[in-house]
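Participant: Sequence:
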Amino acid sequence: MIPPSMEQQRPQEFILEAFTDPASVRDVVRGKQTPSPSPPAVQLSVDPIFTCPAAPASFDMHTSLMLYAGILHTIFFHRFFPSLTPRHREVLDIMLPYVEDAELDTMIEKRAAELARELDAERTHTQQTNPDRGGRSAAQQAHQRASSVGGGSSASGGGGGGGGGRGNISVQFFEKKRRKAWYMRAAYGGDDEVCWEMWTVRVTVAEPRTESERAKVRQAMQQTLTTTVMKIVTSVNSHKDHIPPITTSEANPFPYQIIVNQKGEPGWASRMGIY
Numbered sequence: 001m002i003p004p005s006m007e008q009q010r011p012q013e014f015i016l017e018a019f020t021d022p023a024s025v026r027d028v029v030r031g032k033q034t035p036s037p038s039p040p041a042v043q044l045s046v047d048p049i050f051t052c053p054a055a056p057a058s059f060d061m062h063t064s065l066m067l068y069a070g071i072l073h074t075i076f077f078h079r080f081f082p083s084l085t086p087r088h089r090e091v092l093d094i095m096l097p098y099v100e101d102a103e104l105d106t107m108i109e110k111r112a113a114e115l116a117r118e119l120d121a122e123r124t125h126t127q128q129t130n131p132d133r134g135g136r137s138a139a140q141q142a143h144q145r146a147s148s149v150g151g152g153s154s155a156s157g158g159g160g161g162g163g164g165g166r167g168n169i170s171v172q173f174f175e176k177k178r179r180k181a182w183y184m185r186a187a188y189g190g191d192d193e194v195c196w197e198m199w200t201v202r203v204t205v206a207e208p209r210t211e212s213e214r215a216k217v218r219q220a221m222q223q224t225l226t227t228t229v230m231k232i233v234t235s236v237n238s239h240k241d242h243i244p245p246i247t248t249s250e251a252n253p254f255p256y257q258i259i260v261n262q263k264g265e266p267g268w269a270s271r272m273g274i275y
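Anchor point for the sequence shown: position 53 equals 53 in my numbering, and the numbering is continuous, going up by one each time.
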């Protein structure tokens with residue numbers, strides 16, 4: 001039987017989906033700042049997303065990385081406890097919340113770029129080693145993704161990819177706990193960092209080859225991004241009991257880390273480095 005203290009240490013986990021083309025990886029995760037005026041410093045309980053008119057279907061690597069950052073900033077918007085003034089950025093014509101913190105923004109930028117590089121390397125390797133590899137077209141992937149978003153079915157199953165790829169990026173939040181055993185404090189220091197929440201964004205990349213496919217992929221990207229952001233908002237409003245009490249006067253009481261393409265599926269304890 002697992003002691004209650006161990007059960008309490010198991011982190012709350014959330015799984016999110018992101019659908020993109022190779023050029024839009026960064027945008028999904030990072031977000032693109034717009035020149036519009038900042039909203040007033042009010043309570044952050046308002047739904048942070050609304051839709052703008054659609055723009056032409058054009059893609060580049062900058063858009064790709066911004067896509068991922070948009071999702072990550074939305075997560076941190078609800079989990080970054082230092083005082084902040086609400087900001088927003090535009091990603092795929094959707095306005096998303098943005099945390100204006102230089103250190104955090106740099107980390108998100110680096111991890112989004114790392115994910116984009118790994119997905120690009122995977123795609124290049126696949127094309128070089130098996131150029132005739134069959135698979136669904138980008139339009140077929142976009143149609144399935146849009147149907148999954150609309151119908152609520154799982155979009156994370158297997159399948160080919162028209163030259164695309166898959167990856168994931170995770171955000172983990174920790175609380176500092178005083179080590180009880182003196183020999184543990186002597187060996188590892190006074191505090192232990194225990195993960196209390198983890199978000200994993202599973203990324204599917206489709207590679208459109210025609211303007212028609214680009215339009216379908218963009219529509220699927222917008223639908224998936226909207227659904228993902230709304231899932232974040234719903235999750236943070238529905239799951240609050242697991243948030244640890246703030247017991248420190250530090251500006252950010254809960255350390256965090258961002259991991260790209262975590263290998264394997266180890267147990268939560270080994271994943272957190274507890275054992």
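Please keep in mind that the hints were generated in silico from the structure rather than gathered at the bench.
Do not take every clue at face value.
As the list claims (entries may be wrong) - Derived pair list, reagent style DSBU-like, types lysine-lysine, alpha-carbon separation capped at 30 Å:
| # | residue 1 | residue 2 |
| --- | --- | --- |
| 1 | Lys231 | Lys110 |
| 2 | Lys177 | Lys240 |
| 3 | Lys176 | Lys231 |
| 4 | Lys177 | Lys110 |
Participant: Going through the numbered hints above, which ones does this structure break? Give me the numbers in ascending order.
Facilitator: none
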